[in-house]
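Visitor: Chains A and B supply the protein sequences, listed in that same order. Just so we're aligned, residue 1 is where the first sequence starts under the UniProt record's numbering, counting upward by one. Just so we're aligned, residue 1 is where the second sequence starts under the UniProt record's numbering, counting upward by one.
Treat the hints with caution; some may be incorrect.
Here are the simulated EDC-like cross-link-like pairs (lysine to aspartate or glutamate), alpha carbons at most 20 angstroms apart as the crow flies [what the hints assert, rightly or not]:
#1 B/432 x A/308
#2 A/323 x A/200
#3 A/259 x B/407
#4 B/339 x B/385
#5 B/362 x A/308
#6 A/310 x B/144
Everything labelled a hint here was simulated from the structure, so no lab data went into it.
Protein chains: 2
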Amino acid sequence: MERVLIIGGGAAGMTAASWIRRLAPNMKVTVLESTSMVSHAPCGVPYFLEGLFDDPKLFMTYEPSFFIQKRGIDLRVNAKVREIDVSSRVAKIGDENETVEFDYLIIATGSIPSEIKTDGKDKVFFVHHPAHAEELRKALWSLEKIAVIGGGILGVETSEALVSKGKKVVMIHHGSRPLNRMLDDDMASFISPKIARDLDMRLSESVLEVRNGGRTVITNKGEYKVDGTVVAIGVKPNSSLVKGQLELGIHGSVVVNDKMETSEKGIYAVGDVAQSTNVITGKPDWVPYAPVANKMGFVAAFNVAGLEKKFPGVVGTMITKYKETQVGKVGLTYEEALKTNMKAVEAKVQHKTRARYYPGSKDIWVKLIAEESSGRVLGAQIVGDEEVLGRLDVLALAMMKGLTVEDLFFMENAYLPAVARVWDPIVLAARKIYAGD
Amino acid sequence: MERVLIIGGGAAGMTAASWIRRLAPNMKVTVLESTSMVSHAPCGVPYFLEGLFDDPKLFMTYEPSFFIQKRGIDLRVNAKVREIDVSSRVAKIGDENETVEFDYLIIATGSIPSEIKTDGKDKVFFVHHPAHAEELRKALWSLEKIAVIGGGILGVETSEALVSKGKKVVMIHHGSRPLNRMLDDDMASFISPKIARDLDMRLSESVLEVRNGGRTVITNKGEYKVDGTVVAIGVKPNSSLVKGQLELGIHGSVVVNDKMETSEKGIYAVGDVAQSTNVITGKPDWVPYAPVANKMGFVAAFNVAGLEKKFPGVVGTMITKYKETQVGKVGLTYEEALKTNMKAVEAKVQHKTRARYYPGSKDIWVKLIAEESSGRVLGAQIVGDEEVLGRLDVLALAMMKGLTVEDLFFMENAYLPAVARVWDPIVLAARKIYAGD
Ligand SMILES: Cc1cc2nc3c(=O)[nH]c(=O)nc-3n(C[C@H](O)[C@H](O)[C@H](O)COP(=O)(O)OP(=O)(O)OC[C@H]3O[C@@H](n4cnc5c(N)ncnc54)[C@H](O)[C@@H]3O)c2cc1C
Ligand SMILES: Cc1cc2nc3c(=O)[nH]c(=O)nc-3n(C[C@H](O)[C@H](O)[C@H](O)COP(=O)(O)OP(=O)(O)OC[C@H]3O[C@@H](n4cnc5c(N)ncnc54)[C@H](O)[C@@H]3O)c2cc1C
Numbered sequence: 001m002e003r004v005l006i007i008g009g010g011a012a013g014m015t016a017a018s019w020i021r022r023l024a025p026n027m028k029v030t031v032l033e034s035t036s037m038v039s040h041a042p043c044g045v046p047y048f049l050e051g052l053f054d055d056p057k058l059f060m061t062y063e064p065s066f067f068i069q070k071r072g073i074d075l076r077v078n079a080k081v082r083e084i085d086v087s088s089r090v091a092k093i094g095d096e097n098e099t100v101e102f103d104y105l106i107i108a109t110g111s112i113p114s115e116i117k118t119d120g121k122d123k124v125f126f127v128h129h130p131a132h133a134e135e136l137r138k139a140l141w142s143l144e145k146i147a148v149i150g151g152g153i154l155g156v157e158t159s160e161a162l163v164s165k166g167k168k169v170v171m172i173h174h175g176s177r178p179l180n181r182m183l184d185d186d187m188a189s190f191i192s193p194k195i196a197r198d199l200d201m202r203l204s205e206s207v208l209e210v211r212n213g214g215r216t217v218i219t220n221k222g223e224y225k226v227d228g229t230v231v232a233i234g235v236k237p238n239s240s241l242v243k244g245q246l247e248l249g250i251h252g253s254v255v256v257n258d259k260m261e262t263s264e265k266g267i268y269a270v271g272d273v274a275q276s277t278n279v280i281t282g283k284p285d286w287v288p289y290a291p292v293a294n295k296m297g298f299v300a301a302f303n304v305a306g307l308e309k310k311f312p313g314v315v316g317t318m319i320t321k322y323k324e325t326q327v328g329k330v331g332l333t334y335e336e337a338l339k340t341n342m343k344a345v346e347a348k349v350q351h352k353t354r355a356r357y358y359p360g361s362k363d364i365w366v367k368l369i370a371e372e373s374s375g376r377v378l379g380a381q382i383v384g385d386e387e388v389l390g391r392l393d394v395l396a397l398a399m400m401k402g403l404t405v406e407d408l409f410f411m412e413n414a415y416l417p418a419v420a421r422v423w424d425p426i427v428l429a430a431r432k433i434y435a436g437d
Numbered sequence: 001m002e003r004v005l006i007i008g009g010g011a012a013g014m015t016a017a018s019w020i021r022r023l024a025p026n027m028k029v030t031v032l033e034s035t036s037m038v039s040h041a042p043c044g045v046p047y048f049l050e051g052l053f054d055d056p057k058l059f060m061t062y063e064p065s066f067f068i069q070k071r072g073i074d075l076r077v078n079a080k081v082r083e084i085d086v087s088s089r090v091a092k093i094g095d096e097n098e099t100v101e102f103d104y105l106i107i108a109t110g111s112i113p114s115e116i117k118t119d120g121k122d123k124v125f126f127v128h129h130p131a132h133a134e135e136l137r138k139a140l141w142s143l144e145k146i147a148v149i150g151g152g153i154l155g156v157e158t159s160e161a162l163v164s165k166g167k168k169v170v171m172i173h174h175g176s177r178p179l180n181r182m183l184d185d186d187m188a189s190f191i192s193p194k195i196a197r198d199l200d201m202r203l204s205e206s207v208l209e210v211r212n213g214g215r216t217v218i219t220n221k222g223e224y225k226v227d228g229t230v231v232a233i234g235v236k237p238n239s240s241l242v243k244g245q246l247e248l249g250i251h252g253s254v255v256v257n258d259k260m261e262t263s264e265k266g267i268y269a270v271g272d273v274a275q276s277t278n279v280i281t282g283k284p285d286w287v288p289y290a291p292v293a294n295k296m297g298f299v300a301a302f303n304v305a306g307l308e309k310k311f312p313g314v315v316g317t318m319i320t321k322y323k324e325t326q327v328g329k330v331g332l333t334y335e336e337a338l339k340t341n342m343k344a345v346e347a348k349v350q351h352k353t354r355a356r357y358y359p360g361s362k363d364i365w366v367k368l369i370a371e372e373s374s375g376r377v378l379g380a381q382i383v384g385d386e387e388v389l390g391r392l393d394v395l396a397l398a399m400m401k402g403l404t405v406e407d408l409f410f411m412e413n414a415y416l417p418a419v420a421r422v423w424d425p426i427v428l429a430a431r432k433i434y435a436g437d
């Protein structure tokens with residue numbers, strides 16, 4: 001019986017485990033997960049922090065017993081892998097160095113939060129693993145004034161949660177605008193004032209060090225006295241177990257081919273720990289989001305089971321929200337496109353989500369970026385108060401398939417006055433590039 | 001100076017007029033519109049009937065003076081064309097048979113409501129042109145018990161409006177389920193009970209005649225006494241002006257090529273009056289909806305102006321709603337797919353619109369139909385309480401471009417717990433066909 005070992009029981013790992021059991025019932029599948037939670041949703045942590053739900057079990061799609069009993073997976077929680085030897089195919093677990101041997105290995109260890117200089121890092125908070133969400137929430141809810149370092153997706157979602165709980169928040173961000181990796185300057189201007197209304201937003205400011213158990217934040221512009229500090233400056237691939245044994249790429253993510261196989265035959269990497277290829281640029285990319293993680297797990301499972309499937313690459317779809325306003329991006333910003341060797345053009349549309357005569361219409365802004373010569377869509381950004389998600393998916397599909405602004409213009413979009421305008425903002429933005437207006 | 005005549009000042013006609021003026025400032029553009037309204041939105045009539053807005057001017061994107069003064073269009077309202085002579089390139093207007101000569105003609109006369117046998121048809125009501133909406137609303141609001149004949153989009157939207165105004169409605173529909181041209185039986189079952197809760201819904205029942213000034217409806221199953229009757233059994237192309245002069249196709253729609261040119265050189269047809277080609281089946285089709293009308297107007301304008309653009313065809317995107325529930329369809333239903341020579345498979349997903357832990361989650365059902373051999377997407381249906389529109393657009397784009405369930409599965413969908421689930425229902429339905437689960 002062939003033995004598959006999966007390290008990490010998050011989205012990617014559990015998807016892989018479930019599909020291998022389904023596709024190859026003869027393989028033994030062991031999953032080792034260092035916390036007590038599996039198939040969990042880190043994406044829910046900010047909303048738990050906001051108090052929108054209270055039962056931490058809701059973080060899990062299924063509990064461990066389900067995978068063990070219903071899916072026949074040898075799942076072990078609270079089993080942290082300390083060491084892997086890729087060439088001799090052995091993993092060591094826990095303090096007693098129990099060993100597990102394998103024929104196939106899937107590394108699904110996710111990401112870890114990026115850190116900042118402190119005088120004792122236990123005293124700053126990270127919004128990351130659901131297994132620590134209860135403890136985190138208890139600590140943060142007891143504070144009054146909180147510094148959030150970072151104004152990307154994680155910083156904005158954490159700030160929203162804390163503001164909603166009545167906390168005084170100072171958000172310190174090195175970028176000149178919040179969400180600067182998602183939005184060009186012009187698009188950020190539609191969301192930035194909404195955030196600034198609720199908290200003390202410090203832009204173009206870099207944190208040098210956090211001192212005094214998280215109560216003093218020192219930046220290149222000054223010093224803040226707070227009750228505690230959340231570090232939300234992003235994540236990096238959790239690849240330390242295989243460093244030196246496998247080829248690593250961007251930010252230390254594990255290099256894989258389109259079967260999710262690493263530089264070592266039979267060793268796969270999936271989810272936040274794995275690198276991928278950007279379909280738009282053709283270059284390596286690293287997209288640590290849940291839908292990508294799940295689909296990578298799916299692809300690896302097929303290949304481990306001997307049934308070929310290929311992961312087509314990524315376009316970098318991102319979405320977040322601040323209060324009622326959703327913000328999304330796919331592909332390249334205009335700023336990013338300028339750094340490639342493609343000549344890019346952009347078009348922006350300010351629009352409404354419903355017919356002019358239909359009550360309750362909301363604002364929406366769509367920006368498209370396309371290659372000038374071919375009209376191929378290179379990027380898109382949307383800021384809006386409803387119906388953002390599906391429009392992002394339209395753009396994601398378009399970019400995955402190399403479609404053009406002409407294709408977007410002629411998409412036979414749905415139109416109902418209660419939920420749309422007849423000239424959809426995507427169609428209008430595409431038209432601006434395709435037909436000059 | 002070359003003269004372009006456009007008959008009909010609706011969505012298609014005014015789009016064509018505006019773009020010709022922009023692209024070919026040397027052409028003289030005349031638009032003849034039989035009512036007092038142009039660039040109007042028939043789609044808004046049900047909502048006006050519901051009382052969601054009161055100013056009929058809101059039906060118009062722009063008023064006639066805008067087109068005349070700002071866009072330099074020779075627009076004449078209350079100018080009904082009685083006759084066209086295609087070969088000698090003359091149109092006759094009004095009672096005095098004033099004539100207008102042209103070099104290019106664009107027929108944009110839209111559609112007209114299908115009729116039913118009555119003993120005096122002035123006494124039944126049609127929900128159609130915004131120019132008659134005020135009169136219609138006054139009449140219907142004065143009645144108590146109203147028969148609505150038809151349970152398609154128009155019948156459902158009209159019934160919703162009347163029910164919301166507190167009217168007693170009996171909806172009589174020849175199909176075995178409401179919206180039967182959009183939804184297969186299984187999908188209709190998610191919306192049908194919601195409609196039946198509010199009104200007397202009679203299915204599989206055919207109206208034979210309406211008598212007594214709309215107050216008696218006689219069907220193959222019985223007789224209804226009401227205060228008035230709305231006939232909402234659909235529309236047909238308003239092509240009588242050119243019958244015998246141009247080639248006509250489905251339901252009498254004007255046959256055009258991909259430049260929107262009819263069988264006669266220099267004569268174009270756009271919008272509800274024009275036929276198109278279904279991209280999925282490759283066969284002639286007729287899709288009388290506003291986004292199609294606008295894009296046809298756009299394409300005709302480029303070709304009249306000597307700048308080639310091609311209309312790529314249709315996939316038949318439809319959307320409507322009943323109360324909070326939106327219903328949409330793209331491409332073929334399974335029932336329709338069975339009638340082609342393609343072997344089709346289907347998959348259905350019952351899902352929620354938000355993460356399990358996020359408050360306010362709504363129901364959504366997605367059904368996909370694909371060609372078994374290739375996986376090409378042939379059709380899709382969605383019933384759901386939010387975020388239906390954008391998902392329909394994803395499917396419309398996929399079908400316009402001949403994409404497969406594999407492409408849909410690997411679409412890098414956006415995921416935010418507040419507005420989605422990580423396995424989007426489209427991705428899950430695609431997976432069922434692509435991977436068997
Ligand atoms: C606060 C937050 C909000 C987010 N919001 C969104 C969002 O809205 N949308 C979105 O698409 N994505 C979001 N993400 C990203 C998303 O959560 C990740 O992309 C996804 O969880 C990746 O899945 P994964 O299985 O690769 O890694 P993880 O979910 O991180 O799982 C990896 C697992 O491996 C375990 N592990 C690590 N090392 C070891 C070891 N040595 N031995 C045993 N087990 C180990 C970990 O305990 C963990 O359970 C968010 C992330 C965070 C932190
Ligand atoms: C009640 C209702 C609800 C609808 N809801 C939706 C919806 O939600 N979404 C959607 O996409 N579509 C909807 N539609 C369909 C949509 O309105 C049409 O597809 C669109 O209006 C077609 O545009 P058009 O310019 O081809 O025709 P029209 O808008 O019908 O315009 C044609 C114009 O030509 C004029 N005309 C006709 N004959 C002559 C003549 N002999 N001389 C001069 N002028 C003439 C007419 O007065 C009319 O103004 C709805 C239609 C109705 C009736």
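Visitor: Evaluate each hint against the coordinates.
Guide: How the hints compare with the structure:
A C-alpha spacing of about 17 angstroms is found between residue 432 of chain B and residue 308 of chain A, which places the hinted pair at or below 20 angstroms, so the restraint holds. Restraint check for residue 323 of chain A and residue 200 of chain A: the C-alpha separation of about 16 angstroms stays at or below 20 angstroms, so the hint holds. For the proposed pair residue 259 of chain A and residue 407 of chain B, the alpha carbon gap of about 16 angstroms is at most 20 angstroms, so the pair holds. Between the alpha carbons of residue 339 of chain B and residue 385 of chain B the distance comes to roughly 31 angstroms, so the proposed pair goes past 20 angstroms and is violated.
For the suggested pair residue 362 of chain B and residue 308 of chain A, the alpha carbons sit about 36 angstroms apart, so the restraint of at most 20 angstroms is broken. At roughly 62 angstroms between alpha-carbon atoms, residue 310 of chain A and residue 144 of chain B are farther apart than 20 angstroms, so this suggested pair is violated.
In this structure, the earlier hints numbered 4, 5 and 6 are contradicted, and the remaining ones agree with it.
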